[in-house]
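Peer 1: Below, each chain spelled out in residue letters.
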Amino acid sequence: MLDMNYPQSYPIVPPNVFPREPEPPVLLRTQHRWHLNGDGSLCLLRLPELWTGRESVTDLLLKASGWRIEYELMKANLIDRMSENGIVTDSTYDHLVEEASCQSSASS
Amino acid sequence: MPEFCVVLTAAAADAIRRATSWGHVTLRVSRSDRTGVIRALSDGNDSRKQVDIPPKHFLQTGDDFPNSLWYRVPPETNLYWLFALIKYSKISLHDFASMVPNGFRQPGKVAYYAITHVPRGATEEGAENRDVKAPEFAMWHVSSEGAVPLDIDVQPQQTGVALLAPHWPVEDIRRSRILLVGAGSIGGAAAHALATAGIGALHLLDPGRLRWHNLPRHVCGSRHVGRLKVEALRADLELTRTDTRVTAHEHDVVRDTNSVRDLLTEIDVIVCTADGVLPRRVVSHLARRASVPAVLACVLADGAYGDLMRLWPWTDHGCYQCRLDALAGTGGLIPDLEPGSGYRTHHAMTTVGTDLHLIGQLAAKMAIATYLQSKGHHDQWFAGEHAVLALRPEPGWSPPYDLIQAGQVEWHPAPPPRPGCPTCANIKSA
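One line per chain: the protein sequences are A and B, in this order. Each residue of the first sequence is one higher than the last, beginning at 277 in the working numbering. Each residue of the second sequence is one higher than the last, beginning at 805 in the working numbering.
Rather than coming from a laboratory, the hints here were simulated on the basis of the structure. Just so it is clear, the structure is predicted and the values come from calculations on it, not from any experiment. Just so you know, even glycine gets a beta-carbon here, dropped at the ideal spot from N, CA and C. Keep in mind that a hint or two might mislead.
Footprint (simulated), chain B over chain A, 3 or more residues, beta carbon under 8 Å [as the list claims (entries may be wrong)]:
(1) 283 to 291
(2) 327 to 339
Distance ranges between label pairs, derived from CB positions [unchecked claim]:
(3) B:1209 x A:281: 45 to 53 Å
(4) B:1120 x A:378: 54 to 62 Å
(5) A:361 x B:1025: 41 to 49 Å
(6) A:378 x B:1062: 49 to 57 Å
Away from chain B, derived, C-beta distances all over 12 Å, residues of chain A [to be verified]:
(7) 278
(8) 303
(9) 324
(10) 353
(11) 357
(12) 366
With the rest of the complex left out, here is chain B (with noise of 0.2 Å):
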C-alpha cells in the first residue's frame, strides 16, 4: 500500500524559498486517500499565513494538521532522503536531527511531519562528487524511531502541454483552432485526444444533449444526463485540459448552416464526427468553399469498419461527395450506401465505445497533422488520404471495405473532382 504523501503546490513551495530556515505548517489531509496538501505555514515562530490550494482540488475539504515543520538543510538530507525512500528505509532521529541547523524539534511521544528544503543553488553543491543531485523539497514522518522518507510531489512552475517541449511543437500547435462537429462517442473522444494535444483553440459544435443511452459509449458521465453534449465536453476539458479554450456551439450544420460559415474564417482544420452522410456533405462543401482543410471520421456498417477521409481544398482533391461518386463509378459503394442500409453511417448501439474513441482519436491526430504539415513538420505526412479500419469486419463488401480481419488499415489516395461538382467548381488552390 503507498505511503502518505504530500502535494507541495507552487504557492507552497514559493513561500518555503521565501522563508528564513525552519516553520511551522499545517497540512489538510485525507485520511481515506493517505494525501497531505499544505495549508498554511510560518516564517519561523511567526505567524502562519494561508497558502492557497488550487481550485477544485479534491483536498479543498479535509482534516488540517497544524503539527508538522518545515526545515532548511544542506544537500545530503534530500540525498539521504532520495536513497532511503529507494530502499524502504529509514534514518535514525538522531541522524536526522544533526542535518537540520535550525529549529528542530524532537517528536518525543507526538511524530509529526517535516519538509526538509535544499535551497535551488544549494541543490547542486557538491554535485561533482556524485552521480545525483540532491531534490530540493523532501518529507518525512519524524517519530523518536527516526525519519522515515515519506513521497513528496512537487508542482512545477511550467504545467500541461508546455512540459513536452522541446519534444512536442507547443508553441505552434497553441496556435492552432480546430472546429470539432459532432460530439458524440467518436466526437467526445477527438475532443479530449485535440485538446490533450495542446490545441489553442476548440470549437464544439453540436446541438444534442446528453441521454441516458449515450452513457455506455460517450466520455462524459452521467452527471451531466440532460446537458448540451458541448457543454458538458468543455465541461470536463475545463477541469483537466487547461491549455485549450473550449468553445461550445449549439448549432446543427446542416440548419444553422450561416453559423458555421461564419465561424471558418478563424478556423485552421474541421473535424467532422457527426452522425449521417448530410452533415459530412455539408461540412465537405463549407470546408471546402472556405478553403479549410477537413477531416471526416465515422464508423460504417453498425461498426465493421471505422472510416476516416481528409479533404484538402485543393484543385486535384475532390470533395467528399466526388469521392462518393467516384467509389460508384468503380464499382464500389461505402457500406451505408448500400440498397437497404438506411443510408446512415451505422444504427444506435451497433458499436462499443471503445471502437468509437479509436476513430475519434485517429481523426484527432490526423487533424493535428494536418495542422502542422502545413506549418513545416514533415514528420506529420499521413499514409494517404482516406483510411479504412477493420473494426469487426463481415466478408461481403465491395473494396475498399474489403477488408478481413480486426485492425486492417488501408490508405488510399484521393480521388481528383468530379466535374459538374458544385463544391469543387471554381476553387483556387489554397
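Looking at chain A on its own, in the form it has when it is part of the complex (with noise of 0.2 Å):
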C-alpha cells in the first residue's frame, strides 16, 4: 500500500510515492541503497529534473511496485544495494526474486 502526494506544481513536479505498507524505518531514510527519501517517499526518478511532465503516473507506481520487490530482496540479504534504475527495466536481479519467492515458500 502507498500514498499518492500531488504537488501543487503537479503535472511538472512529479508526485510524491510514500510506501505505507510496509512503511520503512526512519533509519532506512538516510541510507541511498534503499532508494527512500529522507521524508520517507520513494527515490524514482535519479533526479527530480528528469520529470519533464510528459510522463505517466503509471510508470511511478510500476517503478514504485519494483521497489517494493527489491524492499523485500534487501530484507532478505539477497542484494545489499537496490538497482541504480529500478527491476522494471533493469533485469540484474530477476533471477533473486525466483530465489526469494522459494525461501518465501520454504519458510511457510
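Each chain sits in its own coordinate frame; assemble them with the hints.
Peer 2: This is the structure we're talking about:
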C-alpha cells in the first residue's frame, strides 16, 4: 500500500510516493541504497528534474512496484543495494526474485 | 572641490513664491557634505515658519544656521548669477545690493547665504532680447567682498519617471504589472531595472533570505543580511523608485504554486530568474495556462553563457520544455543538461555579479518590451525569442552555446510546441 501526494505544481513536478505498508523505518531513509528520500518518499527518479511533465504516473507506480520487490530482496539479504534504475527496466536481479520466492515458500 | 550647494525643496520654493518680497531663512547644513536645505523661512520680519524636509533625506539631521535671507529680485539678478557661476566669478557687493529692491542686509563682518527669487511670470521678461531665460531661483554667498554664486538644486514639481515623457511611454508603462520570480543576484538587478523603467506594480516572489555569501553579487547590502530577499529589495526600491508599487511574496513557485496561479490574474508579464530547471518549468507551465508571456533568464555552464528566453502564450510558440526538447532533437543540449552537470544553471559563486546583473537588466528590458509591444509600441520588437550571450565562453559546447568570444550575442526564433506537451496542449491563441 502506498500514498501518492500530488504537489501544487503537478504535472510539472512529479507526485511523491510514500510506502505505507510496509513503511520503512526512519534509519533506512538516511541510506541511499534503499532508494528512500529523507521524508520517507520513494526515490524513483535519479533527479527530480528528469520528470518533464510528459511522463505518466503509471510509470511511477510500476517503479514503486519494482521498489517493493527490491525492498524484500534487501530485507532477505539477497542484495545489499537496490538497482540504479529499478528492476522494471533492469533484469540484473530477476533470478533473485525467483530465489526469494522459493525462500518465502519454504519458510511458510 | 565643489562649492556649497542648497537643495531647495518644492515646499520651500512654494513658500518663497507665496511670500511678499524678502525674508529670513534658516538653513539645515551638513558641513561634511557642504550641502544645505531650507528648514524655516519668513515673510519679511514675520516669525519663521518651518518647512518640511523630505522624509529620510540625509539633512533630516544637521546644524541649523538662522543667519540667511531670501530676496525677490528682477530677472537680471539671476542672469548675473548664471553667468558668474559659469565663469567662476563674483559680483561686487554694491552691484548685488543695487539689484535687491527690498530688505537688503549689509553683511558687515558676518557673511550670509542669500536665495534670490524671480517671480515665474518675470523670468521671461526681456527674453526676446537675450538667448537665456532667467532662472527662477539662485543662491549666493554674500560678504563684504562681494556676492559669490553658489549651486542650488530646485526640486521639480514633477519627479520620477514622469520627467521622461514624452520620450518614454510613461503612462503605458505605469499601468504594467510584472511578477518577478527569483530575487537573487539576477532577480535583484532585474527588479531595479524594472522599477527604474517606471512599471506600475512589481510583485517579487522568493522564499529565500539574504545570506552573507550573497553579498558579493547581490544588489542589496549587508544591512539586510538575514532578511527575506523580497523584503530587502522592497525596502531599497521604496527609497529610490517611488513610481513603482512593490509587493513582496515569500512563496516558492514550485511548492506554493496555487498562490502564484492566483496572482497571475493580475499580471501582464512574468520574469523568472530563479535558479534551476524546475522553477523555470513551473513558471513556463503557469504562464502558458494563464496566457501570460514570460521571460526566463539565467546563466549556464558556471557563468560561461547568459540565457534569455521569451515564452509567448501563442499556438506556434513552444513552452520551455518544448524548446529543450527541440534543442535535444537537433543534437544540442543546453549546457547544464549535459551529463554530470548537476542539472543546475550554475554552481554557487562561479559567476561575477556584474555578469549576473547584465542578464537581469536584459531580462527586465525584454519584459518591458514585451509589455509595450502588446500596447502598440513597435520600437520594442526584439531581435528574437531566445538569446545566448557569451560572458566567459568556453570551447566545446554544442550549438547554440558555441559562441567563442565574450560579448557575442545570438538570437534565435521560438520552435513550435511538441506533440503531447501537457503545457502547450489545448491552448487557445492569446
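Peer 1: Against each hint, give a clear statement of whether it holds in the structure.
Peer 2: Cross-check of the supplied hints:
Residues of the region 283 to 291 of chain A lying with their CB closer than 8 Å to a CB of chain B number 6, which satisfies the three-residue condition for coverage. Remark: the region 327 to 339 of chain A is confirmed as covered by chain B, as 3 of its residues place a Cβ nearer than 8 Å to a Cβ of that chain, reaching the required three. Restraint check, residue 1209 (chain B) to residue 281 (chain A): a C-beta distance of roughly 48 Å satisfies the suggested window 45 to 53 Å. In this structure, residue 1120 (chain B) and residue 378 (chain A) meet the distance hint of 54 to 62 Å, their C-beta atoms being roughly 59 Å apart.
Distance hint check: the CB atoms of residue 361 (chain A) and residue 1025 (chain B) are about 47 Å apart, consistent with the given range 41 to 49 Å. Between residue 378 (chain A) and residue 1062 (chain B) the C-beta distance comes to about 50 Å, which sits within the given range of 49 to 57 Å. Residue placement check: residue 278 (chain A) keeps its beta carbon more than 12 Å from all beta carbons of chain B (closest about 22 Å). For residue 303 (chain A), the requirement that its beta carbon stay farther than 12 Å from each beta carbon of chain B is met, with the minimum near 27 Å.
For residue 324 (chain A), the shortest C-beta to C-beta distance to chain B comes to about 7 Å, within the 12 Å cut-off, and the non-interface label is violated. Against the 12 Å criterion, residue 353 (chain A) stays outside the reach of chain B, whose nearest CB is about 33 Å from its own CB. Here residue 357 (chain A) stays apart from chain B, with its beta-carbon at least about 21 Å from theirs, past the 12 Å limit. Look at residue 366 (chain A): its CB is around 19 Å from the nearest CB on chain B, clear of 12 Å, so calling it non-interface holds up.
This entry does not satisfy hint 9, going by the numbered hints stated previously; all others are met.
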